[in-house]
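K.L.:
So the sequences go chain by chain: E and A. When the letters of the first sequence are read in order and numbered with my numbering, they come out as residues 309 to 427. When the letters of the second sequence are read in order and numbered with my numbering, they come out as residues 62 to 340.
Rather than coming from a laboratory, the hints here were simulated on the basis of the structure. In this text the structure is predicted, and so the values were computed from the model without any measurement. Check each hint, because a few of them may be wrong.
Unchecked claim - Some, not all, of what chain A presents toward chain E, calculated at C-beta under 10 Å:
#1 Ala-154
#2 Ser-181
#3 Arg-255
#4 Thr-262
#5 Met-274
For glycine and all other residues, C-beta sits at the position ideal for the given N, C-alpha and C.
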Amino acid sequence: MSELSFRAIDAWWWPWVFLAIAGWFANDVWRLLGVAFSGRLTEESRLFTIVKAVATALVAGVIAKLILWPSGDLAEASLALRLGAVAIGFAAFRLGGESVAIGVISGEAVFLGGRLLGW
Amino acid sequence: MRSTATDRPPDDRSALSWFLAGQRAFVSLPALILMAAFTGFGGLAQASGMSLPQTVFLVAFVWALPSMIVVVGAVQAGTPLLATMLAVALSAARLMPMTMALMPVLRADKTPKWVLYALSHFVAVTAWVFGMSKLPDLPRAARVPYFAGFSLTLTGVNMIVAAASWWAATSLPPIAAAALVLLTPLYFILSLWRAAARAPTDRLALIFGMAAMPGLHALSPQFDLLLTGLVGGGLAILAGRVLPKPAAPESPAAPAADITADLGLDGADRAGRDGEGGR
Numbered sequence: 309m310s311e312l313s314f315r316a317i318d319a320w321w322w323p324w325v326f327l328a329i330a331g332w333f334a335n336d337v338w339r340l341l342g343v344a345f346s347g348r349l350t351e352e353s354r355l356f357t358i359v360k361a362v363a364t365a366l367v368a369g370v371i372a373k374l375i376l377w378p379s380g381d382l383a384e385a386s387l388a389l390r391l392g393a394v395a396i397g398f399a400a401f402r403l404g405g406e407s408v409a410i411g412v413i414s415g416e417a418v419f420l421g422g423r424l425l426g427w
Numbered sequence: 062m063r064s065t066a067t068d069r070p071p072d073d074r075s076a077l078s079w080f081l082a083g084q085r086a087f088v089s090l091p092a093l094i095l096m097a098a099f100t101g102f103g104g105l106a107q108a109s110g111m112s113l114p115q116t117v118f119l120v121a122f123v124w125a126l127p128s129m130i131v132v133v134g135a136v137q138a139g140t141p142l143l144a145t146m147l148a149v150a151l152s153a154a155r156l157m158p159m160t161m162a163l164m165p166v167l168r169a170d171k172t173p174k175w176v177l178y179a180l181s182h183f184v185a186v187t188a189w190v191f192g193m194s195k196l197p198d199l200p201r202a203a204r205v206p207y208f209a210g211f212s213l214t215l216t217g218v219n220m221i222v223a224a225a226s227w228w229a230a231t232s233l234p235p236i237a238a239a240a241l242v243l244l245t246p247l248y249f250i251l252s253l254w255r256a257a258a259r260a261p262t263d264r265l266a267l268i269f270g271m272a273a274m275p276g277l278h279a280l281s282p283q284f285d286l287l288l289t290g291l292v293g294g295g296l297a298i299l300a301g302r303v304l305p306k307p308a309a310p311e312s313p314a315a316p317a318a319d320i321t322a323d324l325g326l327d328g329a330d331r332a333g334r335d336g337e338g339g340r
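Could you put together the complete structure from these sequences and hints?
P.N.:
Below you can see the structure in the form of C-alpha cells.
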C-alpha cells in the first residue's frame, strides 16, 4: 500500500488518480481551508511564521535537488557549471537591484556560454 | 486608505467591463516572468517523463509551481502516493494564510461563498501580490470580476505556455533544453529571496533548506523533502529567535557552509545586507 507510486498500477486511470490526489487535492485543500477560516489567522501570528518557514525550507530542498540531481539534458552539464550559473545569476540579481529578470538572464547566459565551451 | 474606494460614488461599470479590465492587466512584468517560469516547468515536466495532458493538468488544477515541481520530482523518483501527498501538502501550506489574507480584500457583501471558493484556486504568489496591491483601489463590486479576469487569463496563458514548452523541449537542441530546465531553480531562488525581503526567517529557511538537502537525502531518500522542510524551517525559526538582529550569521552545520557558498548565498553576502538594512 505504501509503495503506490505513479507507475505502480498499470492502468490508464492510475496516473490521473495519483495526480488528482497528490497534486490537486493535497494542494487546493489549503486554499479551501483559507476561505473557510478567512479572518482568523493573521500574517502576524506565530503559527503563520512557522508554517511559512517550513514551507520555504521544503521548496529550498526541491531547488537544491533540481540543481544537484537534475533530470533530462541538464544532467549533461557539469555540477560546477550548474552551481556556477546559479551563483552568478544570484550575484547579478543582488547587484542589479534584486531584479529577477537580470538574475535569470545572467545565470542563463553563463550556463549557455559554459555549455558551448563544453563544460 | 481602503475606505476611499467605498466612499466613491457608485460605479456603474458592468461586471463584464471589470472582467475585461482585469484581463488587460495581465500584460505586466510579473506575468512575463511567470511565463518564463512556466516555460521552464514545461521543459522540466517533459524531461521527467510527464505526458503533455498530465503537464497541462498540473498547471490548471494545481497552479502553484512549488507543488507542481514536488509532484514532478515524485513522479520521476517513484515516490509513494502518501509521501508525495504529504510533501505537496507541506509545500502548499503557505497558501492557506495567503488565501485568508486575500479574502477580506476580495469579497463584497453579496459575494456568494462558492465564488470565493472557486477564486481561491488562483491564489499563488503572482496573482496574490496582484490582488493585494491592486484590489484595494477598486470599488467593492469591481473586485471579484477584476480578479477573475486577471487570474483566469494568467492561468489560461500559462497552460498554453507550458504545453508549447513541453512540445518544444522534445525538439530543442540538448543545450537549449538544458537551459530551459535550469530556469526553474534559478527563478525560484531569486523570487523566494525577493518575496522574503521583510522576513529574515524565510531567507534563513531558504539557505538552510538548500544546505540540509544533500545530507537528509542520504539519510532518507523517500522522505528527504519532508525532513528538509522540518529541519531547515525549524533551524531558521530557532536562528531567527536566537539572533533577533542577525548581524553576523552563525556558522551553520558543516554541509551548509559548502552549498550555500557554492550557490552564492554566503555569510559575507548576508552580513552586508543586514548592515544595509540596519541603517
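K.L.:
With reference to the structure, classify each hint as holding or not holding.
P.N.:
Here is what the structure says about each hint:
no.	hint	verdict
1	Ala-154	holds, 5 Å
2	Ser-181	holds, 4 Å
3	Arg-255	holds, 6 Å
4	Thr-262	holds, 5 Å
5	Met-274	holds, 4 Å
In summary, the structure agrees with every hint in the numbered list given earlier.
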